[in-house]
Structures are given as C-alpha cells and as structure tokens.
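Chains as they are written, first to last, in this note's numbering: chain P, 1 to 430; chain A, 1 to 385.
Wrong hints could be hidden among the right ones.
To be verified - Chain A stretches covered by chain P per the calculated footprint, using a threshold of three residues with CB under 8 Å from any CB of chain P:
id, stretch
1, 147-160
2, 212-225
3, 252-264
4, 355-366
Stated by the list, open to error - Reference listing, derived: stretches of chain P covered by chain A, where coverage requires no fewer than 3 residues with Cβ under 8 Å from a Cβ of chain A:
id, stretch
5, 5-11
6, 85-92
7, 135-146
8, 240-249
9, 280-292
10, 380-387
Derived by calculation from the structure, the hints in this document are not laboratory data. Yeah, the Cβ is synthetic: ideal placement off N, Cα and C, and Gly gets one too.
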Amino acid sequence: MVVTGRAGLLAGLGVLFVALAMPSWSGVGVVVAVVLVVCLVDVLLAGSPRRLQLSRDGDNAVRLGQQAVVSLLVANPGRRVKGLLRDAWPPSAGVQDPPHKLDLPGGERRRLTTHLVPTRRGDRKAYRVTVRSIGPLGFAGRQGSHDVPWTVRALPPFNSRKHLPSRLARLRELDGRTALLVRGQGTEFDSLRDYVPGDDVRSIDWRATARRGNVVLRTWRPERDRQVAIVIDSGRMSAGRVGDAPRLDHAMDAALLLAALATRAGDRVSLLACDSAVRADVRRPAPEDVLPSFVNALATVDAELVQTDFRVVVSQTLERLGQRSLVVLLTGLEPAVIEESLLPVIGPLLRRHVVVLASVADPRLDELEASRADLIELYGAASAARSRLDRERVTAVLTRAGVTVVDENPDQIAPALADTYLALKKAGRL
Amino acid sequence: MSTAVGRSVGEGWRALRLPLLITGVIVLGVVVLLVATAARTSGPFSPDSTDSSGARALATLLEDHGVEVTGTESLDDAVGSGSGRTLLIGPSGSLSAEDWRRIAAARWDHLVLVRPGRTALETLAPGIENASSTLPAGSRSPDCHLPAAVKAGTVTVRGTTYTAPPGAEACYGDGINYTVVRLETDGRIVDVIGTQQSFTNAELANDGNAALALNLLGTHPVLVWYLPQYESSSFDDPETDDGPPLIPPDVRYIAWALAFAVLVVALWRGRRLGPVVPEPLPVIVHAAETTEGRARLYRRSRARDRAAAALRESALGKLFKVYGIPRRAEPTAVVTALAARTGMDPAMLYDILYGGPPVDDAALLSLSDALQVLTQEVARDVHDR
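The following block holds chain A by itself, in its conformation from the complex (with noise of 0.2 Å):
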C-alpha cells in the first residue's frame, strides 16, 4: 500500500510560519533602520555630507547656535512660504527662468545664494552680475561696512566673483570683483556668496571662516538648505518638450504585464514531476590504472634504463618460449642459439638483448623498433615452419 509524502498545505504553512516571522522581522528592521538613517541630501555642499566637500560642520555649527537646518533637494521646500526665514540655494542643478521666478515670489525674508548662475543673478538679485574673473585662492579682509564681514575679519576665500552695484554690500574682492555681495530691497536681503569652498568641511576652520558663514546665515532661526538636483517642474511642462517622447508611455505597463507572463511560464515549464531521484553510484577505475599510471612515472623521470629492462626481459620471455631456450640460459648461449636460428650477428643480438641502458630517447625507440622487429621474425619465422 501507498503512504503520501510530502506535505499538506497546512503542514506546509505551520512548517513555514516560523521562517516567515523571522525574514519579515528582519525584513521590516532593515527597512526601517534604513529610512532612519537615510540623508535626506548628498553630494557637495551638502548639510548631511562629511565629505570635504561637504558642509555637515557648518550645518551642525549652525543648529549648536540655535538655526533649524533643513536640507531638501526638493524644489516645493522652496517655492514655500518664506517670511521669516532663511532659503539657502546650492550651487549646483539647473532651474528654468520660471523656477527662479517661483522661488522669487515665495518673497524669502533672507536668500542665500551659492555660486548663483545668470539667470538665478536676473532674477532675485538684479544688478549683480557674474564677473568672468576668479579670485585666486588667500586670505582677505573684508574691505567693506558690511557687520558680518567686519566681525568675522578675515577670511580665506577664492572662486567665482561678482560685480556689485551701487546700493549693495560687496567684501572679499580685489576691488572691482568680490566674493560677497550683499543687497538689501523693500526690506529682504539676498546674499550672493562665490567663495563656496571656504564654508565647505575642509576649509571652514580656516581664519573667519566659520564666523562669517554663522553671521550670513544665522539671520533667521530657520534655515531651508536647499540644493537644485538635475530635475526641475518645467520637465512635466508638455510645451517645453521638443518632439514626440522616443519611448510611449504605455511601454511600461506592458513590460510589467510581460513580466508576468514570463513569471507564470516560467512556473509552468520549471516544475518538476516529482524530484531528482538520487542514484547510488558504482566506483569506476580502470584496471589498467596502475599500469598507465607507472607509465607516467617511467617517463617523468626519464627511466630509459627501467622502460628498456622491462621490454628486453618480456622480448626474451617470448624468444626463450619459441625456441624452448631455458630461462637461466647464459646470454652468450643464448645469443649463439638465437644467432643460429635467425642469421643475425651475435654482436648486434647481444646488443639489443643485454646491451647497457640507452643514451637518449631515440635509442630507445630504436631498442625498442628492434625488439619488435626480432620477436616477429621469430614468430613468422615459426609460422613459416
């Protein structure tokens, strides 16, 4: 009679329950531990970056002295309202006329631009320009009435300058260009800083550093660290795009349908009738195993005279059966009897037979060739008769 193997559905899930627990735990502790320490920003300049590069010293610096520090590399962070607040603009990304304009219109009490291109310069700070000279790298003096400059007192900058107008803050430059530039309209300030890589974590300790970077950004308790990606609004815009997009959008919907389908032919083709049958195998080795393996070992080691003693004994062996020659036979009798028998000179014969070992390879091939050659005489020599 039959007994069933295997298990049944619920014996199934109770055997699986436990290993579920354990993988959806560990699953679920992974996931969390990593929303919890994720950085909301990277990359340079970055608030959450410990890089040189990065600013995470200054961001820490400004939350001990009381600042709120958010960084987002969201553009809705700044587009939000921004009385009483700080917005802080990285130096990287691309933003269209019409995000600048956004950002312009969230009317920041305090805006903070890095390394700001033209376009960012036309439209929240008009009259700054980009000036096509930079700054070599050196310490400075403020050379300016601005307080923050004035109290943080030297500083090493370099980089991107900036032409002012008149009306505005300019410190840090060679006169004509400057590094910062602050200007002040109906009552909001917007400071434009070249000088990135002086608040970054490699250089902030450096002379003033870090004092007018606290004394530009401090101003408000909250501060919106916001660094520009790669992305902007105007990528949704359909009036921006230039021609028919090259992959339709129904492509991935389809890719996931197909997905499926290759997921349930692949469970239709891929299960077995029933499992591998095991099959206890029998141990293969070849008898002649030994022999070819001493094969191996005469020729490693250039046994010329072992191979030709093996191949002489068995000639002989075949000859002393033949002629009925005794086994203890001398070998000048034997080479005499054989020399009688087949015509050949004894001299040679006793050569082959009981000669020394051979020099080279080649005599013993030729040994070899003329054991061959006499024990098929000898045995056609025998037919014949």
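Looking at chain P on its own, in the form it has when it is part of the complex (with noise of 0.2 Å):
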C-alpha cells in the first residue's frame, strides 16, 4: 500500500471543502470517506507487483573503479504496471541510477539497465528488486519486492600497472633478446652463433669451433622457469589504512605487478594470502593465466582482525614449493610481531629460498616526525621517530637474517618491489 501526492493534495483540498462548505463533522467524514474510497478503488486497480517475474543478466566482474553494466529483465503476465522500479545494492556497489520508471503492459517485457561503479573491492550481491505499481487514477498503488539474485566481483585495481612497461624495458635489457656474451651468475647457456668482428672473443666456445670449422661464440642470457611465491600476510597489520585504502590493497598492487613483471620474465608465479587460515590459494597457473587468477582470487580477501599465525606462513609456503624460489612476503613492518613471531619460524624458509619481505610504509608517520610545532607535536614527532628507529632495527636485524627487506610508501612499494626482483634475477640470486 502506497499513496501518492495526489491523495495528498485530496487530503488538502478536503480541508478547503470542510472549511468553505461544510463545517461539521459530516464534512470531515465526507472528506474521509472520499479520499479513502478513492484510494482502495485505486490500489484495487493497480498491476500486482507480486506478480512480476524477474532476472537479470550482465557483468559478473569489474576492475574496481570502473563501471559495471547489470541488466533486470522485467516480464509482467498481468494487469498493466506503472510506477516505479528500484534495484537496490548494497551503496559500496555503487548504483549510479536513480530508480526505473516503469509502464508496462500485460504480457509485454522491459529490460532495465543498472550501472554501477564498485567503491570496494569484494563480491557485491544484488539485495532486492522493489516494485510500486500505481494504480490508474494516480492516487495510491501497491508495493511489493523480489529477490533477484546477482553478485559483481569487483577486483582489485592493478593501479601500478603504469609501471609495468618501464620494468618490462629493464627486463628486456637483462634478456635474451639484447643478448649477454658474458658468462656470469643468474646467466644460463642460450645458444651457439658465429663470431661477428667485435665480439668478446673470451666468450668463443673452442670446442664448438674445432668441431665446425669456423670461430663459435657461445651467448647466455638469464635464468628462466624460476619459481617466485607470493605470500599476502592478511592478517590484522594488514588491515591499517595508509593513505585511503588498507595496507593489504596496496601490498595486492605489489604483488600483482611483481606477477605480471615475473610471468614475462618466464618465472612461475604461485599466489598464498594467509593469516591464520588461509584466504586465497593459487598453485602456478598457466602464463597467460596468471593476472585473472591473481586478480580473482585476491578479490575477496580481506584484512581478518586476527594476528597472523607465521607458522602456518612458512608450513604453508614451504608445502607449495619444490626448487630454490624466490619468497615473498608482504606484510606489516611491526618490530614486535615480526620479532616475537617471524624471526622464530623462518628460519626453514630461509635455507632453502631467497626472501623477500615487502611492507607498506606509511607516510603519515614522517609527516609526525618533521612537525614539531608545540609541546603535543614534539611528542608526536619523538613517537615517530622511535616507530621509525625500531622498523629500522628490525630491518636490520632481518637483513642479517638473510632477508630482503623493502619498506616503501604506497605509491613506490610496487615499482620498489618490482626492481629488487630484477636486481635479484640480475645477481642470478633466484
């Protein structure tokens, strides 16, 4: 049951009746009576929202921040429906429209588009179809809603994949294709070629030239088919927000590049997101698979108010991983945590893998440390400085350990990433 501003203005024209020309109680009834006939004879005459059969078809997924197309398919077996139609999301899905207006006819069908422009990473589910048919005379109608099923997966940003075709250059130098004639660590055996006046004549192969007759030249470039493990802590030192999003966002932008950037570089990438229990799992997928199965996957985890358990961490990563690898992990910079419940287990990781230990800086705190106004901000800049003097302990005391730490603000913890696993495959460490 709803009316409309038409009942309304009924309702108010009725006082100007009682007012004017009858002045009793009968007056107020008359007005009573009428307004109330006129409603129900209205809702008696409206289209039946119940009975609107509904579905949807569409978009599954978007990149967060773009926008996502749902259509409702609206098919009416009964009296005409005219009024108003709400698709309604939860508000971090994003709808951009306002509700549908609605006039359709026994027997016909509409499809209705819905646009929507994730705000959150995360599946969103469609929450209800409302539906207020009017009745014809335009004074009250019927309201009734469906559930109408449908989920949009919005998926992480990929933001820094601005960075990518710079690093895919750097890679490029290190490859094959500006072929190296110097034999070194990180290199591997490419292939045979004759020798061009110029050359590096140390890197002539005598034996192949004494079998062919003519000056071979061996060339090498580097190592491929390594194995690189991406390990998001997703516990609660992930869940802090730096900037406007949380730790764990920025560390999937990361790691998305570090795969993207890895997988052209013929490494196998594998993907954990892990806290107590494991969030999200992707055992090597195939090369050209890679970014949309990180990106699924990644979907759906979020920051979980838990300490993380490094124990089933370094069990987990260990499981996954057969030959020398590259580690690595990105999580929080907590001194304590990482003193108290890292250091303790890592050490089987680290005989047998190279790791890398990424954290998100957060720039807040040297903005605290270089204020120094009055009394309160001194303080704020002391605790800074102390915060930042225990994550310079820490990294030292991991970088002893045999750890790659990188500590970087938002906006360079990608790229920073990315170049440490290019210096690592460049000192053939992987």
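Join the two chains into one complex using the hints; note that each chain is given alone, in its own frame.
What follows is the structure, given as structure tokens:
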C-alpha cells in the first residue's frame, strides 16, 4: 500500500471543502470517506508487483573504479504495471541510476539497465528489486519486492600497471634479446652463433669451433623458469589504513605488478594469502592465466582482525615450493610481531629459498616526525622517530638473517618490489 | 529467476491476527478497569477522596448507617425531583442565580449547604446571611435546641459563620454568629454549615464531629452529594456571552480535516521504495594509530627523557648516514668529527647530542629545535657539496 502526492492534494482540498462548504463532523467524514474510497479503488485496480517475473544478466566482474552494467529483465503476465522500480544494491556497489520508471502493459517485457561503479573491492550482492505499482487514477498503489540474486565482483584495480612498461624494458635488457656475452651468475646457456668481429674473444667456445671449423660464440641469457611465491599477509597488520586504502590493497597492487613482471620474465608465479588460515591460493597457473586468476582470487580477500600465524604461513609456503624459489612476503614491518612470531619460524624458509619481505610504510609517520611546532606535535615527532628507529632496527635484524627488506610508501612499494626482483634476477640469486 | 519477498495481504493478516487480538484484549481490559474504578468526584470535600481534605470517611460512615450516598459533579443530578431525598451542595464551584433557582424549584426535602455564598443563601435560605467574622478553631458545645446538635454534644468547629434569622436553630457559634444553622420552611429543611473542615477525613474523628454529621445528613435514606464545578448551564446560554467568541466554532472541524490531510501527506512522503540495504563495513584503523597513541602516552606521563632520547637517536642516525660515521663510534669521537665538519662548538654539540634529559618542556622544545637545525644544516652542507 502506497499513496501518492495526489492523495495528499485531495485531502488538502478536503480541508478547503470542510472550511468553506461543510464545517461539521459530517463534512470531515465525507472528506475521509472520499479519500479512502478513491485510494482503495486505485489499489484494487493497480497491477500486482508480486506477479512480475524478473531475471538478470550482465557483468559478473569489474575492475575497481570502472563501470559494470547489469540488466534486469522484467516480464509482466498480469495487468498493466505503471510506477517505479528500484534495483537495490549495497551502497558500496555504487549504483549510478535513480529508480527506474516502469510502464509495462500486460504480457510485455522490458529490459532495465543498472550501472554500478563499486567503491570497494569484493563481492557485491544485489539486494532486492522493489516495484511500486500506481493505480490508473494515480492516487494510490501497491508495492512489493523480489529477490533477484546477482553478484558483481569488484576486482583489485592494479593501479601499478603503469609501472609495467618501464620494468619490462629493464627486463629486456637482462633478457636474451639483448644477448649477453659475458657469462656470470644468474645466466644460463642460451645458444651458439657465429663469431662477428667485435665480439668478446673470451666468449668463443673453442670446442664448438673445433667441431664446426669456423669460430663459434656462446651466448647467455638470464635464468628462466624460476619459481616465485607471493605470500600476502591478510592478518591484522594488513588492516591498518595507509592513505585511503588498507595496507592489504597496496600489497595486492605490488603483488600484481610483480606477478605480471615475473610471468613475462618466464618465471612461474604462485600466490598465497594467509593469516591464521589460507584465504586465497593460486598454484602455478599457466602464464596467460596468471593475472586473471590472481585478481579473481584476491578480490574477496579482506584483512582479518587476527594475529597472523607465521608458522602456518611458513609451512603452507614450504609445502608449495619444490626447487629453490623466490619467496616474497608482503606484510607489515611491525617490530614486536616480526621479532616474536616471524623470526623464530622463518629459518626453514631461509635455508632453501630467497626471501624478500615487503612492507608498506606509512607516510603519515614522516609527517609526524617533521612537524614540531608545539609540545603536542613534539611528542608526536618523538613517537614517530621511535617507530622509525624500531623499524630500522628490525630491518637490520632481518637483513642479517638473510632477508631482503623493501619498506616503501604506498605509491612506491609496487615499483620498488619490481626493482628488487629485477636486481635479484640480475644478480642471479633466484 | 525471481522470487517475491515479503508477505501477501492474506499472509500479513494471518501473521498479524494474534498480536492484534492480544492488543485488543489488553486495551479492552484497561478500559474496563478504568471505568470500573474511576471516582465520580474528586477534590476537596469529595465523598470519593481519601485526602485529608476529602470526605470519604463520612460517606462510608453514612453508607454503614443505611444511607445511600451518590456523589456527582453534574448540575443535572441536583435539579431532579428532590422529594424524599437529601441534597448536599459542596463548597466549591460557581453556580449562577438561575442555577440556584432551578435547585430550589426541584423541591428537595432536605438541603445541606456547605459554606454557601450570598446568592445561594438568598435563593435557598432567605434570612440567613454571611457573617464577616470567622470562628477560631476549638471545641464548642451546641448552645441550641437542635436535636441533632444536642445529641452530638461538643464538636470541633471553625471557619465561616452565619447570622440566623428568628425562628432558625443556630448552633456552635459565639452567640452572635453561628457555624451550623437550620431553617425549616413549609416542611422542608435547609441546613447551612460553615464548618466544612469538621467533616473532612482529617477531623471527622474529633469530639462529636461524626455524630453531628450523621445526625445532620442521615435524615433521608438517599443523599445526593453534589460538588458544583466551574461550569454552569449559563455558559451555553448565548444571552450571557460577553461578545463574539475568540475561536470560530468551525475551526475544530477544519483542524480535524487538516490532521487527516497531514496524515495522508505523511504516508505519501514516509513510504520508502524498499527497505534500507545493509552494508558490511570494513574496519577502518589508521596505520599510524599506535604511533599517535604512544605520543599521547608520552605527553600524559611527561616522558621528556624518552622523547629526547628518540629525537637524539633519530638525528644521530641521519648524521651517521651523511658523514659515514660508524654506528658504534664513541660519543667523543662523533662530536669531534661533527665539530670538524660543521664548525660548531664541540661542547655544545655534545650537550645537544649526548646531554642529559631536558629538565622542562621549554628545554625539550629548544633541544628539538637544535637537533633540527643541525640535521638541516648537514643536509644543506651535503647538498652544496
């Protein structure tokens, strides 16, 4: 049951009627009766919203910040339904359209389109479709809701993909396409080719030269087919907001850039998101499938408010790795947590693999440390300085243990991690 | 495909049936209870009032002695036929002369006027007049030949007094003015009582008060106890109106129509197009929260020593990095090296970098300034080079 502005207007005119024509109880009674009867007739004549048949199709996934289009097919087997239709989604689904106007004669179908721009990562479920059907007189009508399930998955935005071209260029320098003539660590045998004047004579393969009769050169290329395991800590340390997104989102961004780069470099990348339990797990997908599967797996991961159990993280990581690999652990550099729970259990990982610990630093701490106008800010600066010293101390401890630490501001963490990867690859430590 | 949610009209009715029934029963019960227990009269000298100024005790006493007491606040009950019945008219209220005449015309066999005014006396008890003096409280003997008073004996009286005409029985007074006067005219009795307080719940037990009351009021088996209110039939009489009404009489109908219109508009504006959608919200904790919390702890406990230590260590870290001084260097060596490069006084440098904790807030602020100047100068120095 709904009434419209017309019913209000009618009741308002009723006031004038009572005032000017019938100032008595019967006058009031006449007005009430007229309004009620008109509304009741209209309700009875209105088409039933409950009998509508609704179904959906459209986008299932959208990158965060872009627009998804979901359409709603409304079929009306009954009387004409005229009024409003609201396709209700949670606020973070970012519905762009006002309620749809609906005018659907009996036996017809309409397609209504809802545009969504999600404001947060994760699954956004359609809530309800509410139809308000106004009667032919326009005074009152009926209202009813339908459950029409649909889910739009808002994927991580991968904002750091702008850094990918420059890093790929760096990778090509390392790669066989700019053939290396110098043998060194981190290179493997690529091919033999004929000597061209100007080539380094130290690269001549004398044995092959003897076989072939002309001078042959060995070329080298960087190692390929290494394993890279990206481990994202989804515990409470990732819940803290840095800028306007949680650490976890910055970590995902960095992970995606690293995954894209490593895949192009010919390495096999796997993903693990873990706190006290495994939240996302992608094991060595096909190269062309790396980014889609990572993005999909990470879309629904949210920071849990529990302390990450690094024993679980280490054992799960070890279980997935065979040969010597690069393990990138994206977590927070919180001295107490690192010293008490990570360092005691990281030994097995360090013995077999190369470990990089990447952490998103908070630029707010630098601001705090720099501003010292009054006593309040001064204590803030002292506290920020203490935090930074603690981080530096634990970074030193980790470095001594053999862990490479990357601690950068949110806008720098993705390229810095990519550069670290390239540096390790160049140094042949993979 | 879709499924309709919410209830249809039939389902809604079935779900609401029981709650509606229960609510109805409760409302009905409350109404019945209120009607059953409602006092018909209230206020001072009311036969239903148990206050100290009420007269519930007297009414109960009369009923125990077989007198049927009917309390009322309506003039209509006082102008009915009075034959064979007693009418008590209470002290409050304002009745017009016309009302009093109507009461007189009802020909009550026995009228009891409690502290009546001038108009009432003129109409109902001609000859009795309001005396200007009041009687102080005290026990008094009747000093008259009224049997009701003689049997009751001494009574505590006080209050308004009246003068009695010849032929009336006047009791409980100072010899000139009296508080109880009985006048008998053509077979009907009119009692005027000035001492209202003597018959209230508070004082009924004193002396012979109760006996006097029973003797006065118990003359007939039916007693109508009328308490006039501040309303009278004459208010409805247009002839007594003093000018046009301030509020036109139609306004209340317009107000009701307006209320209905407001209700309809409220329904129109208040109905949502579907329910509010729940949103599972993420936790928002700023990463710097712990650092800021520690800053507040420092401030609250005035931890100048810890703050100074952190600032010094931080500044030293920057200086070490810039000048390549080993981290474990001796303080004196550090100061010597820094003094050589910045040209600052070694004693002052030592005080800034390794001195004792600041003694007060001003010292802490100046230490911080000094450290900042030092690090900035070093940075500029390096930049220039």
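How the hints compare with the structure:
1. Counting residues of the stretch 147-160 of chain A whose CB lies closer than 8 Å to any CB of chain P gives 0, which falls below the minimum of 3, so the coverage claim is violated.
2. Coverage of the stretch 212-225 of chain A by chain P is violated [criterion: at least 3 residues with CB-CB distance below 8 Å; count 0].
3. With 9 residues having a beta carbon nearer than 8 Å to a beta carbon of chain P, the stretch 252-264 of chain A meets the requirement of three or more and the stated coverage holds.
4. Check result for the stretch 355-366 of chain A against chain P: holds, 3 residues qualifying (beta carbon to beta carbon below 8 Å, three or more required).
5. Three residues within the 8 Å Cβ limit are the bar, and the stretch 5-11 of chain P against chain A gives 5, so the coverage statement holds.
6. Evaluation of the coverage hint for the stretch 85-92 of chain P: fulfilled, as 6 residues show C-beta separations to chain A shorter than 8 Å, against a requirement of three.
7. Only residues whose C-beta sits within less than 8 Å of a C-beta in chain A count toward coverage, and the stretch 135-146 of chain P has 4 of them, enough to reach three; the restraint holds.
8. Here the stretch 240-249 of chain P counts 5 residues with a CB under 8 Å from a CB of chain A, which clears the bar of 3, and the coverage holds.
9. For a cut-off of 8 Å, the count of residues in the stretch 280-292 of chain P with a CB near a CB of chain A stands at 0, and the three-residue condition is violated.
10. Figure legend: the stretch 380-387 of chain P, annotated as covered by chain A; annotation consistent (8 residues with Cβ-Cβ distances under 8 Å, at least 3 required).
Hints 1, 2 and 9, counting from the list given before, are not met by this structure.
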